[in-house]
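J.: Here is what each chain is made of, one letter per residue.
There are 2 protein chains.
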Amino acid sequence: MATTVSPVSETCLTAKRAARALARADTAVKDAALEAIATALGVRLGEILAANERDLELAHEAGIGAALLDRLRLDELRVAGIALAVRQIAALADPVGEVIDGHRLPNGLDIRKVRVPLGVVAVVYEARPNVTIDAAALCLKSGNAIVLRGSSTAMHSNAALAQIAAEAAVGAGLPEGCVSLVAGGGREELAELATQQGVVDLIIPRGGESLKEALQAVATVPVIYAASGNCHVYVDGSADLDSAEAIVLNAKTQRPGVCNAAETLLVHERIAGELLPRVLRSLADAGVLVRGDERTLAIAAELGASAQGSIARIEPVDEEDWGREYLAPIIAIGVVDSVEQAIEHVGRYGSGHSEAIVTRDTAAARAFQLGVDAACVYVNASTRFTDGGEFGMGAEIGNSTQKLHARGPIGLRELCTFKYLIEGDGHVRA
Amino acid sequence: MATTVSPVSETCLTAKRAARALARADTAVKDAALEAIATALGVRLGEILAANERDLELAHEAGIGAALLDRLRLDELRVAGIALAVRQIAALADPVGEVIDGHRLPNGLDIRKVRVPLGVVAVVYEARPNVTIDAAALCLKSGNAIVLRGSSTAMHSNAALAQIAAEAAVGAGLPEGCVSLVAGGGREELAELATQQGVVDLIIPRGGESLKEALQAVATVPVIYAASGNCHVYVDGSADLDSAEAIVLNAKTQRPGVCNAAETLLVHERIAGELLPRVLRSLADAGVLVRGDERTLAIAAELGASAQGSIARIEPVDEEDWGREYLAPIIAIGVVDSVEQAIEHVGRYGSGHSEAIVTRDTAAARAFQLGVDAACVYVNASTRFTDGGEFGMGAEIGNSTQKLHARGPIGLRELCTFKYLIEGDGHVRA
Chain C
1 MATTVSPVSE TCLTAKRAAR ALARADTAVK DAALEAIATA LGVRLGEILA
51 ANERDLELAH EAGIGAALLD RLRLDELRVA GIALAVRQIA ALADPVGEVI
101 DGHRLPNGLD IRKVRVPLGV VAVVYEARPN VTIDAAALCL KSGNAIVLRG
151 SSTAMHSNAA LAQIAAEAAV GAGLPEGCVS LVAGGGREEL AELATQQGVV
201 DLIIPRGGES LKEALQAVAT VPVIYAASGN CHVYVDGSAD LDSAEAIVLN
251 AKTQRPGVCN AAETLLVHER IAGELLPRVL RSLADAGVLV RGDERTLAIA
301 AELGASAQGS IARIEPVDEE DWGREYLAPI IAIGVVDSVE QAIEHVGRYG
351 SGHSEAIVTR DTAAARAFQL GVDAACVYVN ASTRFTDGGE FGMGAEIGNS
401 TQKLHARGPI GLRELCTFKY LIEGDGHVRA
Chain R
431 MATTVSPVSE TCLTAKRAAR ALARADTAVK DAALEAIATA LGVRLGEILA
481 ANERDLELAH EAGIGAALLD RLRLDELRVA GIALAVRQIA ALADPVGEVI
531 DGHRLPNGLD IRKVRVPLGV VAVVYEARPN VTIDAAALCL KSGNAIVLRG
581 SSTAMHSNAA LAQIAAEAAV GAGLPEGCVS LVAGGGREEL AELATQQGVV
631 DLIIPRGGES LKEALQAVAT VPVIYAASGN CHVYVDGSAD LDSAEAIVLN
681 AKTQRPGVCN AAETLLVHER IAGELLPRVL RSLADAGVLV RGDERTLAIA
731 AELGASAQGS IARIEPVDEE DWGREYLAPI IAIGVVDSVE QAIEHVGRYG
781 SGHSEAIVTR DTAAARAFQL GVDAACVYVN ASTRFTDGGE FGMGAEIGNS
831 TQKLHARGPI GLRELCTFKY LIEGDGHVRA
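Chains C and R, in that order, give the protein sequences. Numbering-wise (our numbering), the first sequence opens with residue 1 and increments by one. Numbering-wise (our numbering), the second sequence opens with residue 431 and increments by one.
Possibly wrong hints are sitting among the right ones.
[As the list claims (entries may be wrong)] Below, computed lysine-lysine pairings styled on DSSO-like, alpha-carbon distance capped at 27 Å: (1) Lys543(R) / Lys16(C); (2) Lys543(R) / Lys446(R); (3) Lys16(C) / Lys113(C); (4) Lys543(R) / Lys113(C); (5) Lys642(R) / Lys446(R); (6) Lys642(R) / Lys16(C); (7) Lys212(C) / Lys16(C); (8) Lys16(C) / Lys446(R).
[What the hints assert, rightly or not] Derived list of chain C stretches under chain R, where covered just means 3 residues or more per stretch with a C-beta under 8 Å from a C-beta of chain R: (9) 25–32; (10) 44–56; (11) 73–87; (12) 149–158; (13) 209–215; (14) 397–404.
Read the hints as simulated data drawn from the structure, not as lab findings. Ideal placement from N, C-alpha and C gives every residue a C-beta, glycine not left out.
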């Protein structure tokens, strides 16, 4: 009697078979597959743009907003950018086979801890179709089969991109099923994907809070949730004011919509009177709305009296603001009495993503680095550096604020697990 | 208006506060605390034995079986053994502060990846009261606060041990709340503990399948499930037969009730006729029941005709047996045609714990190590070595067959996460 297998679980089982072969694929073969994908993106540009055109038309008819339409849109330049990213991933070191640790045990057994692929990685993502290729390239390079599940908005674009990637990879010698796309964009398919225990080894969601909540409710396979970042810059009493101002501006305004942008500035009371007038003016010039605590408002008021209007956009901060990830040109500002108070504030409201201290005092720097519990703790640098590329890890598939397995950028190594290889000559346990 | 906080969440919040201080505790202070615990176990032996006596009486009244009673029982020798284990943990290297990786980025930023404690670790365990102290010592040494939740059967013993540990640790300078025990042993307390998101950083269950299932149904905080081990020994066609026989016997019989004992023997057809008669006799002598496939039964039948009775306990294996973790003197035996077939069998039925090949052939050894997806893959050694102590990691809190974060023995390092420390001199992102 034939068993009925759903399309989602069939896709995952095929991916599992592919994963076994992929785990043993040579780096040269994997790199050739990535090069083939990059080339195919150019050769088959017409197909990609035609598929994208259909998504854009449907999205337009559905009355989808301009920002989302722009994220959905592909053109020759963007596709070339995607291909370039694939070639950059090919150029990274292969994490598979790296010996992480190893030694000879007292009984003569040799033990090595060696990095190996996870197996099948599922990536669940929203509008941007470039994720289809980025995620596939990262998974293939790290020896994992990938099961993609995009949004229905980008259905045609994702299908074209996934097909091109799969054909190119298989053509270059990787196993059938190494890249696949789950067709339906519905919650039912998501639930099915998220419960493939023993088949799917990891799910990475790339999307908003509603996607995370939907996964949290149903997932039985391991999930690494991408970060939300409520990042702080703390300017210590001993800080160089020019550095402090530059770092605050950079952390808040260089790209406010990303998770490593700062949402709160904390200033030591000793320099608040000197620093805040400068910072409030610069933030105002950059179009940033300030939500200040009492001491900040008082300084702003004095300043307002002397320099009319230039710091107009300031309002009182409330308790909830401290915990907010604005992802917008808004910053909360508070004055603290000590580095300890800053650490406590960060501990209470931070999301464990990226935290910075600006200081010239070694004791304060050390206290902050030891006392703040976050993926990345900066001394005299902007929080904006938290990024796989900046960290020298190459491209990242996301950024984790969880503490288990991956913390910070999720790059090729974080898409791997390890195994212990133990060699003896007839060793038995006494 | 006062908020009502339940005893479980209050305990966890106190542990969280303790964890902040513990993360910064010097190794010397942590080691002194462990020494104080070990000493207190001796000094307060009377209390411990009195509490244990109450548990034993209640267990006896409740008609609990002899095996469980024995696991529950403490005496002077066993308490001395627990104290010795604490001192051995104190003697291990402190994982906190280890620099895992580090380099200077092209822009001059210095980045270090440094091991730090997870924070609050909850350990949920069944009858054996020694876990109270073992788990507390491992968590304190790795800078974590521990919340213990034992079974109601060992209620009084656990309470006495936890109190002694907590008082000794605090007396030696560790923060209040670094060791605590959740009073109720009910499912409600378990559910509450398992949903302390943002407070409890990890739950480790140490117990049977029903405990795991109960956790899986409710947990929202990360859980590392201890392993079930369906381990295999594969004897290749080129194996040294003496080695093979010794390894099979050791893996099956040295301690059959543990997760790294072998449950299945696979033998290459080329040597089955020579090896199996020897192994079947040795297994029979050791009192092991064999479940054999057709070829094994045929060899046994021939043997039976020539050497009456010595291999009497043999019966046919069925499909389900291949997937079974006996934890008993029973072994499934099958004959395979190649190393590839052995790898496939292990891939289908194994639990990813510990797998061994016995061979003199480098190609077979390499194929097995690359092709088998398990925490530990052995060449010419018994599966019984999978153990934190044997691996030179010191004591372990369990053994993981999952792929994320911890795979294999869960020792001090696995009770840690890491953070990136980044230092610059005013660096901003361009």
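J.: Please check whether the region 209–215 of chain C has three or more residues whose CB lies within less than 8 Å of a CB on chain R.
T.: violated (count 0)
J.: Is the listed coverage of the region 149–158 of chain C by chain R valid when you require three or more residues with a beta carbon under 8 Å from a beta carbon of that chain?
T.: violated (count 0)
J.: Holds or violated: Lys642(R) with Lys16(C), Cα cutoff 27 Å?
T.: holds (25 Å)
J.: Given as covered by chain R, does the region 73–87 of chain C meet the bar of three residues or more with CB within less than 8 Å?
T.: violated (count 0)
J.: Going straight from one Cα to the other, do Lys212(C) and Lys16(C) come out at no more than 27 Å?
T.: Cα-Cα ~24 Å, so holds.
J.: Do the alpha carbons of Lys543(R) and Lys446(R) lie within 27 Å of each other, as the hint requires?
T.: This hinted pair holds, its Cα atoms lying about 23 Å apart.
J.: Would the pair Lys642(R) and Lys446(R) pass a check requiring their Cα atoms to be no farther apart than 27 Å?
T.: Given that 27 Å is the threshold and the Cα spacing comes to 24 Å, the pair holds.
J.: When you check the alpha-carbon spacing of Lys543(R) and Lys16(C), does it fall within 27 Å?
T.: Distance ~32 Å between Lys543(R) and Lys16(C) Cα, so the pair is violated.
J.: Is Lys16(C) close enough to Lys113(C), meaning Cα to Cα at most 27 Å?
T.: holds (23 Å)
J.: Cut-off 8 Å, C-beta pairs, minimum 3 residues; does the coverage of the region 44–56 of chain C by chain R stand?
T.: violated (count 0)
J.: Checking C-beta pairs, does the region 397–404 of chain C have three or more residues closer than 8 Å to chain R?
T.: holds (count 3)
J.: Establish whether the coverage given for the region 25–32 of chain C by chain R is satisfied; the threshold is a Cβ-Cβ distance below 8 Å, and no fewer than three residues must meet it.
T.: violated (count 0)
Comparing the model with each earlier hint shows violations of hints 1, 8, 9, 10, 11, 12 and 13; every other hint is respected.
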